[in-house]
Amino acid sequence: MADTRKIPFTILRFNPETDTKHRFDTFIVDVLPGMTVLEGLHQIKARHDATLAWRYSCRMGVCGSCGMLINGRATLACNTQILDVSPIAIAIAPLPNFPIIKDLVPDLDSMFQKHREIKPWIIRENSIEQNTAKGEFYQSPEQLVEYLQFSYCIKCGCCMAACPTMATDAQYLGPQPLAQAYRYEADSRDQGFNARKPVLDRDSGLFSCHYGSECSVVCPKGVDPAKAIQLMKRRMLLDLFHLYRKKNAELCPDQGKPSAQDGS
Amino acid sequence: MPQKKTDDRRLGIKGWALGGRWGFERYMYTVHRITGIGLVVYFLLHILVTSTRAFGGQHVWESLMGTLSSGVFKIGEFLVFAGFAIHGLNGIRLILIELGFATGKAIEPEYPYQTSVDKQRPIAIVAAAAAAVIILFGGYNIFLAH
Chain A
1 MADTRKIPFT ILRFNPETDT KHRFDTFIVD VLPGMTVLEG LHQIKARHDA TLAWRYSCRM
61 GVCGSCGMLI NGRATLACNT QILDVSPIAI AIAPLPNFPI IKDLVPDLDS MFQKHREIKP
121 WIIRENSIEQ NTAKGEFYQS PEQLVEYLQF SYCIKCGCCM AACPTMATDA QYLGPQPLAQ
181 AYRYEADSRD QGFNARKPVL DRDSGLFSCH YGSECSVVCP KGVDPAKAIQ LMKRRMLLDL
241 FHLYRKKNAE LCPDQGKPSA QDGS
Chain B
1 MPQKKTDDRR LGIKGWALGG RWGFERYMYT VHRITGIGLV VYFLLHILVT STRAFGGQHV
61 WESLMGTLSS GVFKIGEFLV FAGFAIHGLN GIRLILIELG FATGKAIEPE YPYQTSVDKQ
121 RPIAIVAAAA AAVIILFGGY NIFLAH
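Going line by line, the protein sequences match chains A and B. Going by this note's numbering, the first residue of the first sequence is number 1, and it counts up by one from there. Going by this note's numbering, the first residue of the second sequence is number 1, and it counts up by one from there.
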């Protein structure tokens, strides 16, 4: 086909069964305009090496499975077009700062563990009121925007791979968990500031971020973790001087108002 | 459960500069750390040098000052000054960012995404330009004015 280009894909390989160190293999891929890196990997698996391993699911930038380092930038293979990256050569490696399970599959366990540590759920002081609510916790559209941006995180790990502090400090919480801590703190329904404070305020916690800002540049969903982290720092510093006040959403008892399902 | 056999790909210190195709702020991060370490080393040497007067007496102090005011130590003095200018001005930028004055508020993300990086970029450019001007003046003063 006239528009087809032959582009070499150099891919980091590691098989835990046989290898002690990773190596690089090169495959020639027939690239058509609009073809994604993920489609290139499928072509390699079909035509050249069926043992090539990577993680993917949705193919549309929603599931966050196919995060990898493509020509030096952490991004999703499914929404990265080959010719947008380079018409000459493509180099692919698994996300750095994570151990490799096999080939392009990183072990994201450490990120999920840190994510759990920041208690990523709505915390209310009155758990009985929360669990057996007799109405809704009212939230205005303006209050929704305060955290909506940060709730789009798909946990792909690209921000953790791009973070220079993560490169040298394995204990550092990292941009993904820290941004999610702010996502809940900014939620007017949440009252978990004091519950999360010991995790955020520890060594290798919130204040280990020195704004390399690459997390926000690489985020495929526009979550902007660097912004969330700085806004969380502001709240922590205000709290240090006893100046932090948060207006929480209150329970609005159901008084027979029409629901959204009524269409009115 | 058997231990998982993996190949650790933590970038380590080379991740500060060689991690990939990074932006301007990423390099400011690296320079900030290097200048910070440099200033700490200078501070320790400074304490060591100034303490010679107390422990070695006036003649040791004057002989040491004579050595330090010439030749290669002029370059060292310039590097300390440059490190101070970069670290100080970038530090002011980081304080503004960490207090939430330079990053903007939360927005509804619409493609192409606007991030806090774009928002604080003018401050980063002003800090870098001001550091460059101060370093030029300092260099003139150290190497050419006397």
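Just so you know, the hints here were simulated from the structure itself, not pulled from any lab data. Among the hints, a few may not be true.
Unchecked claim - Here are the in silico distance ranges between beta carbons for each label pair:
1) A:K247 with B:I75: 51 to 61 Å
2) A:L237 with B:T52: 38 to 48 Å
3) A:C63 with B:G139: 45 to 55 Å
4) B:F24 with A:P87: 20 to 30 Å
5) B:K14 with A:E125: 18 to 28 Å
6) A:Q113 with B:F73: 41 to 51 Å
C-beta: ideal position from N, C-alpha, C; glycine also.
Hints versus structure:
no.	hint	verdict
1	A:K247 with B:I75: 51 to 61 Å	holds (57 Å)
2	A:L237 with B:T52: 38 to 48 Å	holds (41 Å)
3	A:C63 with B:G139: 45 to 55 Å	holds (54 Å)
4	B:F24 with A:P87: 20 to 30 Å	holds (26 Å)
5	B:K14 with A:E125: 18 to 28 Å	violated (46 Å)
6	A:Q113 with B:F73: 41 to 51 Å	holds (50 Å)
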